[in-house]
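J.: Each chain, letter by letter, is given below.
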Amino acid sequence: MDDVTTGEPLIVLDSVNKWFGPLHVLDDVSLSVGRGEVVVVIGPSGSGKSTLCRAINRLEPINSGTITFDGQPLPAEGKPLAKLRSEVGMVFQSFNLFAHKTILENVTLGPIKVRKEKPAAARERGLALLDRVGIANQADKFPAQLSGGQQQRVAIARALAMQPKAMLFDEPTSALDPEMVGEVLDVMTSLASDGMTMVVVTHEMGFARHAANRVIFMADGQLVEDAPPAEFFANPRSERARDFLSKILTH
Amino acid sequence: MNVLIDKFDVFAGGFWLTLQICILAAIGALILGGVVAVLRISPVPPLRALGTGYVNVFRNMPLTVVMFFAAFGLPALGSNADFLRIPVIDSLFTRLGTDLPYFRFALIALVLYTAAFVCEALRSGVNAVSPGQAEAARSLGLTFGQNLRYVVLPQSWKASIVPLGSVIIAMIKNSALVGFFGVVGDLSQTADQLTSAEGYAFVPVAIGISIGYLIMTVPLGALLDRIEKRQAVAR
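So the protein sequences, as listed, match chains A and B.
Note that the first sequence covers residues 1 to 251 in this note's numbering.
Note that the second sequence covers residues 1001 to 1235 in this note's numbering.
Rather than coming from a laboratory, the hints here were simulated on the basis of the structure.
Take every hint as true, because none was put in to throw you off.
Below, computed lysine-lysine pairings styled on DSS-like, alpha-carbon distance capped at 25 Å:
id	chain 1	residue 1	chain 2	residue 2
1	A	101	B	1158
2	A	141	B	1158
3	B	1229	A	101
4	A	113	A	165
5	A	116	A	83
6	B	1158	A	113
Covered stretches of chain B (chain A as the covering partner; in silico rule of three or more C-beta atoms under 8 Å from a C-beta of chain A):
id	segment
7	1126-1140
8	1150-1164
Listed next, with one range per pair, are the computed distances between beta-carbon atoms:
id	chain 1	residue 1	chain 2	residue 2	range
9	A	136	B	1214	53 to 59 Å
10	B	1128	A	249	38 to 44 Å
11	A	209	B	1059	56 to 62 Å
12	A	23	B	1060	33 to 39 Å
13	A	21	B	1192	54 to 60 Å
We treat Cβ as the ideally placed atom computed from N, Cα and C, and that holds for glycine.
Using the sequences and the accompanying hints, generate a full structural model.
T.: The structure is reproduced here in structure tokens:
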């Protein structure tokens, strides 16, 4: 997993600032993510890590600084923004599967409507993706009929169906029952080892340890540490990170 | 009470005309209200402002005043609202095509006024859809229009339908005003005609026209109740 592709980074944030009213949620954050790299973002709640993740596909607009994806600055809106988003997969904490569509329709909507693929081809690829995440036999059910872990795996398949250049995960396992966390992390681990570029906001330290190339630690909107996982967990440099780790790792 | 039997044809005619106004106004208000609702939730700020301005004006102005503007303002601008003489439709709803423009003026006023409420009913439905649905659609790269069409609206109409029904019932009752703005022969103007001009006692006539309105509104209300119950089960 150390054979990260070199060359121009895929995602670059440069001096990004964002405020929610008086709250400085992203405080001069700079970060670059290389192609094929898996970056795990951790930190206490309210530290800005979800906002960081959502800023990368502009679900949250930023107040200053620049974000570039694949060499292009993020478009402000309209068709160019829609096109950019189609190249960045996003997985949410609350799954957000389309409640009125079947599992297979959830996976094929983007390819058919955005990529203008033929429905038959999109269905075939959709089924293959559902098979990959282990739920091909549920294709005709509705999201509410599936467990949380299954829904989240469908959400991953839905994002992958767009053949994205990168995947963003915004606390993908935080809303899951403990026994379902593993099945989602397995899918994410296999994606990581296939070379997908991933930015993962999570509290799963096990995943950070074994799947990440880098761990980013955020606190109070600032990017406090950026280190390989082994180094970060064994020897955090900042007081904030040591404090955070001591709280979560003692139990 | 003989008036109800003796003048049955007058009541029936009034009912038919009011029904025509209501059908046309409901169609117009649903279309215009839909457009205004799309403006109000659009990502483009000037369009949002336009939609919000529309709702603020027409939701907060008395219908009587809107009727005045239509009945006196349009002729002052030199318009007889002839664009409403739509072929085929005007042979179905003959008053649309007559030379006296008051039916068309009243219709315009009723549509403009009701559309503001339709917009808000539709928007309440859109707000009932969890924001995560639209966010997921956006992050797949769906445009605003695709997002509405494939993700948000198919889920929002269920939550809109009951408030929309209330808006339409209110509109049917509001249509009673048109008789005072030159429309001859609708239910409410029929009452005026029978009592003031022909000297019938007021109460029996009022009972007659009330029955006319209830025939339109009560079934609509019952239908809404059924829809609401079905939704409760589906949940």
